[in-house]
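Whole structure, please, built from the sequences with the hints as guidance.
Line by line, the protein sequences give chains A and B. Counting with numbering that gives the first Met the number 0, you get residues 0 to 343 for the letters of the first sequence. Counting with numbering that gives the first Met the number 0, you get residues 0 to 784 for the letters of the second sequence.
In case anyone wonders, no lab produced these hints; they're calculated from the structure. Hints should not be assumed to be uniformly reliable.
[Unchecked claim] Quick list of in silico lysine-lysine cross-link-like pairs, PhoX-like style, CA-CA up to 25 Å: (1) B/K480 x A/K232; (2) A/K232 x B/K558; (3) B/K558 x A/K108; (4) B/K441 x B/K416; (5) A/K197 x B/K416; (6) A/K248 x B/K480; (7) A/K154 x B/K138; (8) A/K40 x A/K61.
[Claimed, not checked] If the Cβ cut is set under 10 Å, some of the chain B residues that face chain A in the computed set are: (9) V157; (10) D161; (11) P540.
The beta-carbon is built from N, C-alpha and C at its ideal position, and this holds for glycine as well.
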Amino acid sequence: MSSSSSLASEISQAQTGALSAIAGASDAATLRAVQADLAGKKSALTVLRSQLGKIQDADERKSAGQAINACAQIIEVAISERMSLLLAGERAQQVASEAMDLSEFVSAKRRGSTHIVTQATQRLEDVFIGLGFQVAEGPEVETDFYNFEALNMPKTHPARSEFDTMFIEPASADQEPNSVLLRTHTSPVQIRVMQTWKPPIYAVMPGRVFRRDTPDATHMPVFHQIEGIVVDKGITFAHLAGIIEAFTKAFFGNEFTSRLRPSFFPFTEPSAEFDIRRANGAWIELGGCGMMHPNVLRAGGIDPDEYTGFAFGFGIDRMAKERHNVEDIREMYTNDLRFLRQFS
Amino acid sequence: MKILHSWLNEFADFGNDVDAIADRITQLGLAVESVDRVGTPVKGVVTARVLRLEKHPDAAKVTRVYVDAGDGVERHVWCGATNMQADDIVPLATLGTNMPDGRVITQRGILGIDSEGMLCSGTEIGLSSDGSGLLILPKGTALGQDVYEALGVDSDVVFDLDVTRNRPDCTGYLGVARDLAAGMGKQLTLPKVDQSSTGKSLTVPVDISAPERCSRFTVQVMSGITVTQSPDWIARRLARAGMRSINNVVDVSNLVNLELNQPNHAYDFDSVKDGFIVRLARSGEQFTTLDSVERTLSSGDLLICSAQDKPVGIAGIMGGLHSEVTDTTTSIAVEIAYFEPDAVRATSTRLALRTEASLRFERGVDPYGAEFAVARFAELLRITCPGLVVHAGATDARTDALPAQVRTTPVRLNTIKRVLGIDVTAKALEDLIAPIGFTIVKSATDEVVNVGIPSWRNDCTSEIDIVEEVARHFGYDNLGKIVPTSPVHGRLSDVQRRRRILREIVVSLGASEAMPNPFLAPGDLAKVGLSEDNALKLANPLVAEESVLRTSLVPGMLKSIAYNQSHRIRDISLFEIGHVYPQGKEILPDEFESLCIMVAGADASVAMDLWSQVSSALGVGAQLSQDQPPAGYHATRSAQLKRGKMVLGSVGEIDPTVLANAGIVGRVASLEVNLSVVLSEVPKPQSAQVVSKYPSSDFDLAFVVANSVPAANMVKALRQAGGNLLIDVALFDIYRGKGVSEDARSLAYRLRLQAPDRTLTDVEVSEVRAKCIAAAEKLGATLRG
Chain A
0 MSSSSSLASE ISQAQTGALS AIAGASDAAT LRAVQADLAG KKSALTVLRS QLGKIQDADE
60 RKSAGQAINA CAQIIEVAIS ERMSLLLAGE RAQQVASEAM DLSEFVSAKR RGSTHIVTQA
120 TQRLEDVFIG LGFQVAEGPE VETDFYNFEA LNMPKTHPAR SEFDTMFIEP ASADQEPNSV
180 LLRTHTSPVQ IRVMQTWKPP IYAVMPGRVF RRDTPDATHM PVFHQIEGIV VDKGITFAHL
240 AGIIEAFTKA FFGNEFTSRL RPSFFPFTEP SAEFDIRRAN GAWIELGGCG MMHPNVLRAG
300 GIDPDEYTGF AFGFGIDRMA KERHNVEDIR EMYTNDLRFL RQFS
Chain B
0 MKILHSWLNE FADFGNDVDA IADRITQLGL AVESVDRVGT PVKGVVTARV LRLEKHPDAA
60 KVTRVYVDAG DGVERHVWCG ATNMQADDIV PLATLGTNMP DGRVITQRGI LGIDSEGMLC
120 SGTEIGLSSD GSGLLILPKG TALGQDVYEA LGVDSDVVFD LDVTRNRPDC TGYLGVARDL
180 AAGMGKQLTL PKVDQSSTGK SLTVPVDISA PERCSRFTVQ VMSGITVTQS PDWIARRLAR
240 AGMRSINNVV DVSNLVNLEL NQPNHAYDFD SVKDGFIVRL ARSGEQFTTL DSVERTLSSG
300 DLLICSAQDK PVGIAGIMGG LHSEVTDTTT SIAVEIAYFE PDAVRATSTR LALRTEASLR
360 FERGVDPYGA EFAVARFAEL LRITCPGLVV HAGATDARTD ALPAQVRTTP VRLNTIKRVL
420 GIDVTAKALE DLIAPIGFTI VKSATDEVVN VGIPSWRNDC TSEIDIVEEV ARHFGYDNLG
480 KIVPTSPVHG RLSDVQRRRR ILREIVVSLG ASEAMPNPFL APGDLAKVGL SEDNALKLAN
540 PLVAEESVLR TSLVPGMLKS IAYNQSHRIR DISLFEIGHV YPQGKEILPD EFESLCIMVA
600 GADASVAMDL WSQVSSALGV GAQLSQDQPP AGYHATRSAQ LKRGKMVLGS VGEIDPTVLA
660 NAGIVGRVAS LEVNLSVVLS EVPKPQSAQV VSKYPSSDFD LAFVVANSVP AANMVKALRQ
720 AGGNLLIDVA LFDIYRGKGV SEDARSLAYR LRLQAPDRTL TDVEVSEVRA KCIAAAEKLG
780 ATLRG
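Here it is as C-alpha cells:
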C-alpha cells in the first residue's frame, strides 16, 4: 500500500516536473530537447515504468501502469500544445521579419504582341468556325489560271485591268510573260479548295494579297483579305444573305444589320456588295459577294447543275484599322515597336 | 455617270423625292455615289446693263465698268473680264451678296476707288462651266431682276452613279430610266424623234475593210444647218453633265450620246461626201486627233478615213482636226457605227486616250440604236435649225460580224429556283424582265423558257445572266435570309492550330509580331549573305527598291530592328510568320512559310533558348549542326537545324558584317524555322509511362571537356551510358578560367537514376556512375576532382 502510494506521488512529481519543463521551453528547439529528455532513458517516467515489474500484485501493477500512461499522455498533449504555440509565434516573427516590396518586382521582361492584322484574322476565323466553316490557305505567288482564268476572267476579260496586277518576270525565255503573278485576291484558293475538297464545302480563306497601288493612308500594295465559299446542294441566295447577316451580328454585334445590293464581279452572278448598318443607321460598305458563277464551279471541278454555291470577301486590314482607330494604314506596317506593343 | 434629276424625269414620272429615287437606283445595282444639288440661286445677283467702260492708267489688267441695275443709278464696278461691251446685260452681285465660294461682296476696290459690287462669270454663280468671261445675258432682259429668274434657271439634282461593267446600257439616260421605271413601276416615255427624211437622196458610200472590227456603219446626211450657239437650257444641261457647250451641232451630238448612250459623229459634209473607208491603221501611221495631239498608231488600231484614204478619226475614240463642223458648215454627215468593244479598249488603253465615246464603245453600245439616235439628232437639231433637211438615201453598211438583233438563251425555271430560292413561273419571269426589254421568245417546254436579250445588253449571254436580272428586279431584299446549317465541323486544321500555339509561345517569349514588306531592293539579299539567283523579280514593280521577292525573312527583320534601334527603342524583340518565295523547278516557286524571331542585344544562348521553347511547344526536334554555319550567321555562333539532310532552320547570332551592313549596333540573336515542315509534323499522342514509386538517387559529375567537343555530344554519351536507369541529366554549370586550360571548359552535370520496380542499391548507382565517366572519357573529357 505504502509502495503504491509512493508510486503515485512519484508519478505526480514526474508529471509536475515535466509540465514545468515544457512550460519553461521558450522556443521550439528547447521544447524539442525537453521532449527528447522526457522520452529518454533517464526521464522520471521511464524510470518509473521500468520499475513496474517489481510490483507483485497484478491488479496493483495494472493500475500503476495505467497511471503512468495517463501521465505520459498528459505530457504529450502539453508538448503538442506548447509546440503549436511556439511554432506559430516563430512563424509570425519570421513573416514579420521578411517583408518584400513586391512593386520592386514588376517584371521588366514584357510579353510581346501579335500584329493587329493577325488579331483581326483570328477573330474573323473564329466567327466563321462558329458558323461551321473550315479555314483554307493557298500560295501567294499564283498562276494566271488560278488568279483569273478559273475565276471566269479569260485572257481578254476587261475586268482584269482593274486588278492592278504585279507580275513575276518569266524564269526562262519559253515561259509566257505574265503567266505567274502575285495573287490579287484570295479567290484562287476557292478554286484550289474546290479541286481538292468535296462538297459540302464551308471554307474561309484569309491571306495576303497584292495590288500595284501606291501606298497612301488607306491603301497598301500588300494587304490582307478573307473570303469564304459555301458549295453544296440546295444553296441559294437567301443562304448567302443569311451567312452575311449571321457574320455581321457575330463579328460586329447584335445591333448591326446587313444588306445586299446588286453589283458586278466576274466570278459571281448574281453579284452583290454587302453593307452593314450601325445602330445609328449609317451604312458602311464592307465587301463583295454573290452566287458562284457556273464557270467558276466548273473550273473547280464541280457540276453547276448539281451544286450551287456562294462566295464573299472583304479586306482584313480595314477591320484592324477601324477597330483600333489607326489613322493611317501605313502605320500598321512600319514595324515600330511603340506601335506594335500597344495591342498585346 | 452624272444623271440630272430634271432630265431623268423626262423619261418617266419619277417624282421629286430625290432620296427615294437615289435609293431605288442603288437597289437596282447602279450605286449612287453622291447626290448634289446644283443651280441653287445666289441671292443678291441681279441683271445690270453696261453703260460704259473706262481704263485706269495705273491698272492695266482691269476695267472700270459703269452699270445700271434698273434703278437709273450709275454704279461703278471694277472688273477683270474683257468680253463685255456697252449695252451688254450682265450679272451684278450687289454689296453683301454671299457668293457660292464663300466670298462676301464688299465695297473694297483697288487704288482707293470703291467697287459697288462684282460682275460675274457663269461659273462664279453656278450657271455654266464657262469661267473665261462675264456671263452675257440675252438682249432685252429686264434690268434689276434676279438673274436666275431672268434666265428661268431651276435648281436641279445631280446623281453620280457608279456604273458597273455589266451595265453597258447605263452610261446613258435611257438605260438608267428604263431600269428605274421598271423598278418603280412607272411608264417609260421615249424621247421625241423626227423620223422624216425629206429632200433629195444623198448617199455617202462606205467601204469597210476590217469587217470584224466594224460591223455596222451608218451615215445620214442633213442640210439646212446654221451653226450657232445652243439655247441656254442645252448649254446648262451639258454644263451640269460636265461638258462644255461648243455649238448647236456638237451639242446635239453630245446630247444624243448622253441620252441614248449612242456615240455619234457629225462631219462637215463637204469633207466626207465622197465616202468613208474603215480600215486598220498602218504601223507607225501618224494622226492628229481633235485635241491637237499627234498620235502614232499601230496596226491594231482602226481608222475612219475619207474616200481619199485620209484619216478623219480613230474609230470609237476621237475624231480628227480637219473634218469637223465649222462656223460655215451648212450640211453634215452624221456617222453612227458599231465597233468591236475589246479592240476599242485595247487602242484606248494603248494611247491612254479615254473619251466619252471610247468609254461607251469599249463596254459595247447598242448595235441597233442608230436609226433612233439619228432621228433624235434631227429632232434636237431642228430646235436651232428650223430649216433642217434630213436627206433620203442614208447609208447602212453592215458586215457578218454584226451581232444578232435579238440573241436568245434558254432559261430553266428550276435554275432560278436553285440559285435564288424562289418559284418563278414563265409569266412571272416575263413580268419581271419584259419592262427592261427582255422578251419571252417561246417556251421550249414548261420548264425551259427561251429569253430574248435586248440588243443593248451585250453583257447578257447565258442563263445565269437572266437569273441576275430576275434577282435585281425581284429585289435582293425580297429573297430572304436563311442561315444555312453547316454539315461541316468548323475548326482550324492541325497546322493552323499549331501556328496559333506557336504565336502564343513566341509572344510569351517577349517578341512582337512585325509584318515587313516582302519586296526587297536588288542587293538586299546579298547584304545578308544570301544569293539573289533564286529570287523572283517583279516584271512591273512600283519602284525599283521593291522589285525582288524575298527568299528569307532575315532582310525584312533586320530592317525592322535597325528602324527600331534608330528610334531609340529598348528591348527590341520581333518576330514574323510569313511566306518566302525561292524559285524552284516548277512554274510556281518553292513557296513556304517561315518563322523568324530576332532579339537585339542578345547572344546565341538566347537564340538557343528560343529554339528549345519553340521545339518543345511544337513537339519537334532537330540536330544542331555547327559544321556549316547558315549563310548570314555568325560563323562560330550559329548552327543549322537539321534532320538528316533536310535543313529545318537556323539558330544563333547574325554575322557582324551583316549587322554592320544593316546599321545595327550590338549582337542580334536569331531563330529561323521552316514552318511548312514543322507545323505539319503533328506529334503522335504520348503513351503514359508509369511514374516510379521507388526513391531516386542523384549524383553530380564535372568534366573538363575540350572546346572542340560539343556539349550535345557529352549529353548524348552520358545518356547512352546511363541507360534506362538514367532518367534525367542536366548541365548545371559551365566554367572557363583559372584551373581549366584555355581550349577547354568545365561542364558539370547532375544525373538522376531511378528504377521503375525497385530501390537502387549503392552498387548499382556506382556502376552507372562509372559507366558515365568512362563514356565521357572516351570523348576526351577528364573528371574533375
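Here is how each hint holds up against the structure:
no. : hint            : result
1   : B/K480 x A/K232 : holds (17 Å)
2   : A/K232 x B/K558 : violated (51 Å)
3   : B/K558 x A/K108 : holds (23 Å)
4   : B/K441 x B/K416 : holds (20 Å)
5   : A/K197 x B/K416 : holds (23 Å)
6   : A/K248 x B/K480 : holds (13 Å)
7   : A/K154 x B/K138 : violated (60 Å)
8   : A/K40 x A/K61   : holds (21 Å)
9   : V157            : violated (21 Å)
10  : D161            : holds (9 Å)
11  : P540            : holds (7 Å)
In summary, the numbered hints that this structure violates are 2, 7 and 9.
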